[in-house]
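Participant: The lines below spell out each chain.
2 protein chains.
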Amino acid sequence: MTAYSELSAHFGRIAALSNAVGILQWDTETTMPKGAAGTRADSMALLHVLRHGMTTEPRIGDWLADAEADGELGEWERANLREIRRLWTVETALPADLVEASSKAVSACEMRWRQARAEADFAGLLPYLAEVLNLQRQIGRAKGEKLGLGAYDALLNDYEPGGRSERIDALFDDLAAFLPGFTQDVLALQAQRPQAPDPQGPFAIEKQRALGLRMMAALGYDFERGRLDISTHPFCGGADNDVRITTRYDESDFAKALMGVLHETGHALYEQGRPQAYLNQPVSQARGMSLHESQSLLVEMQACRSREFITFAAPLMRETFGGAGPAWETEAVWRRYTRVEPGFIRVDADEVTYPAHVILRYRLEKALIADAMPLSELPAAWNEGMASLLGVTPPDDRLGCLQDVHWPGGGWGYFPTYTLGAMTAAQIFEAACKAEPEILPSIGRGEFSPLVGWLRANIHAKGSLLETDALLTQATGRPLDASVFKAHLRRRYGGVG
Amino acid sequence: MTAYSELSAHFGRIAALSNAVGILQWDTETTMPKGAAGTRADSMALLHVLRHGMTTEPRIGDWLADAEADGELGEWERANLREIRRLWTVETALPADLVEASSKAVSACEMRWRQARAEADFAGLLPYLAEVLNLQRQIGRAKGEKLGLGAYDALLNDYEPGGRSERIDALFDDLAAFLPGFTQDVLALQAQRPQAPDPQGPFAIEKQRALGLRMMAALGYDFERGRLDISTHPFCGGADNDVRITTRYDESDFAKALMGVLHETGHALYEQGRPQAYLNQPVSQARGMSLHESQSLLVEMQACRSREFITFAAPLMRETFGGAGPAWETEAVWRRYTRVEPGFIRVDADEVTYPAHVILRYRLEKALIADAMPLSELPAAWNEGMASLLGVTPPDDRLGCLQDVHWPGGGWGYFPTYTLGAMTAAQIFEAACKAEPEILPSIGRGEFSPLVGWLRANIHAKGSLLETDALLTQATGRPLDASVFKAHLRRRYGGVG
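Sequence lines, in order, name chains A and B. So that you can map any letter, position 61 of the first sequence is 61 in this note's numbering, and since no number is skipped, the others follow by simple counting. Quick note: to get this note's numbering, add 1000 to the position in the second sequence (first position is 1).
Treat the hints as calculated values from the structure; they're not laboratory data. Treat the numbers as computed from the prediction; the structure is a model and nothing was measured. For each residue, glycine too, the CB sits at the ideal point set by N, CA and C. Possibly wrong hints are sitting among the right ones.
As the list claims (entries may be wrong) - Partner residues aside, some chain B positions facing chain A, computed with beta carbon under 10 Å: (1) V1021; (2) I1023; (3) L1046; (4) F1223; (5) R1225; (6) L1399.
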């Protein structure tokens, strides 16, 4: 066997382990009974340690050196080596006991968070979260030393390879300067036009689920390689060829679950569209979390809040729930789905106010990782940030700094990818619609194949062949450019009402 | 650390891995989308190989030798060493590539079996099953060489430590001589008494589920450490502190799911009652599959087909399904639940005819492992055996040799434990009722705590502290004695009608 084929077989085994971890994570969020939390934490920690061991085996270094000198490899194989080198570099930076301690701390903190969020009890979560933060800081420093990066950038780099806070600072500062004024303009415009009443529930969960499944099918989601379930915090997870999404249902408002399903379906299409020929290899992985989020937001925000989509979807909504009257008219549905309203909860936020939620979290987590702020001050800093960026103050920490699983779950450095994703989505959707003028008209008829076909070819099937900037440049003609996102917001929200 | 504590920590890690495998197996049976089968097979194979590697590490041998010489250990620790020695002996008999090949062959064969069963297509399954059989034979021979046993006994020994086919032959020959004549007597008796009509469905799945959950609660099943779900082939599985059972619902007959739930709850009570102080150690494991099956059959057959149970349950059935009329009277329900009728399907069989299904499978699998019969002749041999033991001939292989997952799933040597379990159940239930005369009267009031309390103390909480014969002798005064089972059958089915 060549060094490359040894590496490829070895990383295939690592993928088999990661797929097991993915299913167990899915189970933990959707299915596991409460009393199994400790047992599950032990299993997850063990699998993480085993995976760390497999990813840091010394022979990988030898294989890499030999394979990188192999002149016969094709571009996919070379890209695969680049990804393996990256993983190997960051994993070998971590001692196994740190991996195990972090896995256990995250399991304990996530379980505690469920209760703390329900009870708005930040003090109860604090010691658990402090432990997770402390370990994330150690992980960031250890990786950063290897990569020549600060601790925060090293954490960010795991989710967004090549991502740097310096560049994000510039993009986010630009947005933070633009959005508050723009939001006020949009709110003023909105105030001038008549509001249709909200449709009145209850909306049976079964019917909501049926509508969600129908939309997933229209989008081309492959049910032979995935499922739709329920979890407190919606996500897309699972394993290769087993791409599971979740949602949560609110009987008084079906839009939440529906838009959640569309969002997660965007993620799932990316996962299901990854190159099959390399599916268990690092090069087949999605190209970072901002690209991932761009695919969910492209579906949810760019495509499925368009007038075309609502023209297709509003009759289905009326049919599903037996809706009639002014609240159910297509124009009213569109207005409701593009309503801007500053609120407390990130996942419920509209396109215009969403970036403020992210900018707040990004700034706070950077400060916490840098030890520039005590964790105990997080609730106060959160509330101040909400007031200054969005003009609202959460009444308690359940609606404030306890709302997201990311920090208890060890996902530090993840948040900025949401807004990078929103900007990327705008840029990709613009390029797609330019290349395929049929995309928007066909969405009006409930046909997504022109859009999804273009995404498959230009994004999904590329896996990690190219690095982020190169992929975006190949697909859209240039690297990430915030002006497209701003132009999109101005067009949809700032123009005629 | 002492050698014992090193061993204990190591086997705790192995348990963490086994718990992950258990949840993935549950997922495969209940949840996994079809298209993920290949990916899942890779994950299972990898985890099996990793577990095999952990269970055969050379340092275990050193630790064992040191720990076995340690005079300070208590009885639980010594029993734990005995179990670890047993596992180590059989695992070190297998090369890793055999473990991997068997895991992959089983995954492929199980998937193929689903389709083959649906289509009654034995020929389509044959090459997959031949591969599984071939690997099971190799596994049996390799372990047998280490243990001084034949291949079949070596396989049996994994499910029933200490079990030997010589002893089973004697017990089963005794039953095979007794049952056909007895069955004819019972059928003649039954024919003389009036049959109540069957209750007419459909019985909504939701209501069936609610009734099942109510029974599980009455039995003391801990829902904080388990769940009830649906699968094609009902089972009890999952992980430590996460003991999941499944059932399948038939809208025309609620008794199938209900009795299935009671059966699996019996298994689950054993698992949930294992000694917590040693939960991740081999000594905490259930004492073999005949004991395990004794617990499910004790609940389903001994307790829950008693007149006392039916007196409690029949009103609940009427309440749940709104039943009224002769089919729903308590006496009619009892007669239906103790009706004897030779049939094709093992899992639907009554107490009297069930052993014939097992004896058939036991004889066939022994012959197949010994290479004394070509696999291609299985369908014919099956049908002949059914005709001779039960007087019925399956119309196709779906109702014949394709009905069970055990052989495709690599569970060779497992079947005899069902009937050993039925005999053990009769013996344990008799001893329990003698020791606690309140057991049967309290079941009549839906109170299971006298029964379950006795089982907890005398069986469940013992884990693998004692070997099977010793455990049974401690609990009932003697090792397995087929006469108790025969006396039970005579009392329930052969006496007054």
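Participant: Indicate, hint by hint, whether the structure satisfies it.
Facilitator: Hints, one by one, checked against the model:
Here the hint on V1021 of chain B is kept, as its CB sits about 8 Å from the closest CB of chain A, short of 10 Å. Given hint, I1023 of chain B at the interface with chain A, holds; its Cβ is 6 Å from that chain's nearest Cβ, closer than 10 Å. Interface restraint check: L1046 of chain B against chain A, minimum CB-CB distance 4 Å, threshold 10 Å, status holds. The criterion of a C-beta within 10 Å of any C-beta in chain A is met by F1223 of chain B, whose closest approach is roughly 7 Å, and the hint holds.
At a threshold of 10 Å, the smallest CB-CB gap from R1225 of chain B to chain A is about 4 Å, leaving the interface hint in force. Checking L1399 of chain B against chain A by beta carbon gives a least distance of about 28 Å; that is not within 10 Å, so the hint is violated.
When each numbered hint is compared with the structure, a violation occurs for hint 6 only.
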